[in-house]
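**Q** Sequence:
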Amino acid sequence: MTSPTPPVAKRVPHTWSRPTGDVVDHHAWLRAREDPDTIAYLEAENAHADAWFAPHGELVEEVYAEIRSRVQETDASAPTPHPGGWWYQRRTEEGRDYVILTRGRSADDAGDQLVLDVNDEAEGHAFFELGVLDVSPDHRLAAWGSDTTGRERYTIRIRDIDAGVDLDDVLVDTAWGGSAWSADCQHLFDAVPDAQERPHRVMRHRLGTSQDDDVEVLRDDDERFFVGIGDTRSGDWIVIASSSKTTSEVRVLPADDPTATPRVVRPRAEGVEYDVDHWGDRFVIVTNDGAEDFRVMTAPLDAPGEWEELVAHQPGRRIVAAAPFADHLAILSWRDMAREVEVRFRDGTSRVVDVLDEPHDVTIGANRIYETDVLRVGVESMSVPRSTYDVDVRTGERRLVRREPTPNVDLDAYTADRLWATAEDGTRVPVDVVRHVDTPVDGTAACVLYGYGSYEISIPAVFSVARLSLLDRGVTFALVHPRGGGEGGRRWYLDGKLEHKRNTFTDTLAAADHLVATGWSAPDRLAIRGGSAGGLLVGACITMRPDRFAAAVAEVPFVDIVTTMSDPTLPLTVTEWEEWGDPRVEPYASTMLSYSPYDNTVPADYPALYVTAGLNDPRVSYHEPAKWVARLREVSTGTRPLLLRTEMGAGHGGPSGRYEAWRDEARSLTFLLVALGVVPGSG
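If you count the sequence shown from 1, you need to add 979 to reach the numbering used here.
Derived from the structure by calculation, the hints contain no laboratory data.
In this text the structure is predicted, and so the values were computed from the model without any measurement.
Note that CB positions come from ideal geometry on N, CA and C, so glycine has one too.
Just so you know, not all the hints are guaranteed correct.
Claimed, not checked - List of simulated lysine to any residue pairs, SDA-like, C-alpha gap at most 20 angstroms:
{"hint": "1", "residue 1": "Lys1224", "residue 2": "Tyr1434"}
{"hint": "2", "residue 1": "Lys1224", "residue 2": "Asp1268"}
{"hint": "3", "residue 1": "Lys1224", "residue 2": "Asp1191"}
{"hint": "4", "residue 1": "Lys989", "residue 2": "Thr999"}
{"hint": "5", "residue 1": "Lys1224", "residue 2": "Lys989"}
{"hint": "6", "residue 1": "Lys989", "residue 2": "Asn1025"}
{"hint": "7", "residue 1": "Lys1224", "residue 2": "Asn1025"}
{"hint": "8", "residue 1": "Lys1224", "residue 2": "Thr1128"}
Stated by the list, open to error - Across the chosen pairs, the derived CB separations fall in these ranges:
{"hint": "9", "residue 1": "Val1151", "residue 2": "Glu1403", "range": "50 to 56 angstroms"}
{"hint": "10", "residue 1": "Asn1387", "residue 2": "Asp1306", "range": "40 to 46 angstroms"}
{"hint": "11", "residue 1": "Asp1201", "residue 2": "Asp1260", "range": "32 to 38 angstroms"}
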């Protein structure tokens, strides 16, 4: 084991010219991945992290064993009926990392025929991620994609399901933009990325031909937009969407006429977003046109741009999606900071699916049958594992199909609540908390605060078996919903982006103060955790208020935001300007500089900090967390641990296999338990 002495990054002055003035960056050299010093530094940081974890190895293994003990490792999902009389299922087997996909002619037989064993395909690869898995309409073929580097570049193959072998067709360097089959199962549509990893072209591949002969169906050269492909629930139409963060344009193509020219539903108009699905003799459209929180429209098949209102806009009720069935729509929305599913019938009547009283998540599940009165939904909370229900849409009666097994867990031992913090401008910010029933709310418990708050992504209150290792040791877990997310409607999002982005961080700090003031956390035992844009939240909060937190975990954190967003040659930068702003011009130059963690890391006693990165990460480049840690090492005035761990063969999501992912989580939880003083150690 190497010495626990922290590595020191070399200093090479580099000047960035910005509207706010020139800035000297001594760690810009870390962007050069080909520089041997870069890899050497990352490996030295990994060795330093390993040295810190070494004395806590027993605790890591203990927590890892706890996580495993709460998972039914050999398990199967609820069988899902598909058109054509097939039932599909996913299962896992003890000791194997990845899912196995099967099917059968009934719910009881859904595990009989193998579709794809991801374990077999992943053999020999240190990293493996399954991308698209798209079964053809005749259920004879399955298009499946794989990424073996973490760079999110996928190779698609076509599996003959009955024969159990792949065809000669191989589509390399495809993107994460989805796929769609033609009705005759002879054509597959996929997306191709540009040099900045943006899916920008839709291609049509004819089975039995070379990828070189694929036909370009759509190319979008506007760098703000990325393309995606899918099909309607009816299977009758192929949908090609081109979307930026604020604007969308959709084309439709009859699935039985795959070589036809796709038809534009409505030309893109700045700030107008819409999604399209097929509902009998009409299209159904969810849009913000004239409706900040979106409304539902319909349009004739032969005139898809002529929209008529079906479900009116309700301020504060953010409609997310509308799934069409033969005689009804299932509408997913956020209302009063909670997700709900409403069933709306063709005659205008409706009912809301009954769910839990505590903070929860509800989703529209896998519903492949179009003509049915049964709606499958998923329901869970921070104290209730994910539960799959079949709901009779006419009567509202629910039938529990499956609840995620949680062996060795007493679910009655945990309780969840919703709190409300008050932001500095008076806005009420929801905070969901969960604890063991024996953990007092008297200001003595340690607490971990988790947040995200970007891209209008809503983080619902969901169950986690790993989290129980904190709760069982008397740690409270809190989930904050700051502005910038989508929980409170479109206005909640708009008030936490661009020039209002600081609200995301001050909302989170208000939540932290509230947890301490109301006894949910001891003043000196509060931690904060987040990943990606949530890692930015962590970085911004601890640089704004380093005294507020005892510990922090920042996973693949977006912390060098001004530098990254100033460089349009980096992956996805241009598409991100509508979220963060372009710091090459004011007012965004000053706004982003005011909260950028890397730029605001000044001498201070920072919390104990565990930072992660992925060398192949195409979303948050490894050099952002690496530079940040290097700067923190230079200026921190404290003695608490500062660790950087880089996955040298993975990307944004970390390890791909479930066992290594559990061990990775066990390390994060161990760090928090030690740093918060819950267990003895050098925290």
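**Q** A separate judgement is required for each hint: does it hold in the structure or not?
**A** We went through each hint and held it up to the structure:
1. The hinted pair formed by Lys1224 and Tyr1434 meets the criterion: a straight-line CA distance of about 8 angstroms does not exceed 20 angstroms.
2. For the hint pairing Lys1224 with Asp1268, the CA-to-CA distance comes to about 15 angstroms; that is within 20 angstroms, so the pair holds.
3. For the hint pairing Lys1224 with Asp1191, the CA-to-CA distance comes to about 32 angstroms; that exceeds 20 angstroms, so the pair is violated.
4. Restraint check: the Cα-Cα separation between Lys989 and Thr999 comes to about 26 angstroms, which exceeds 20 angstroms; the hinted pair is violated.
5. A distance of roughly 38 angstroms separates the Cα atoms of Lys1224 and Lys989; the hinted pair therefore is violated under the 20 angstroms criterion.
6. At roughly 17 angstroms between alpha-carbon atoms, Lys989 and Asn1025 fall within 20 angstroms of each other, so this suggested pair holds.
7. Distance check on the hinted pair: Lys1224 and Asn1025 sit about 36 angstroms apart at the alpha-carbon level, beyond 20 angstroms; violated.
8. With a CA separation close to 27 angstroms, the supplied pair Lys1224 and Thr1128 exceeds the 20 angstroms bound.
9. The given range of 50 to 56 angstroms is respected by Val1151 and Glu1403, whose C-beta atoms sit roughly 51 angstroms from each other.
10. Distance hint for Asn1387 and Asp1306: a CB-CB separation of about 44 angstroms, consistent with the stated range 40 to 46 angstroms.
11. For the hinted restraint 32 to 38 angstroms between Asp1201 and Asp1260, the CB-CB distance of approximately 33 angstroms keeps it satisfied.
Of the hints listed earlier, those the structure fails to meet are numbers 3, 4, 5, 7 and 8, in rising order.
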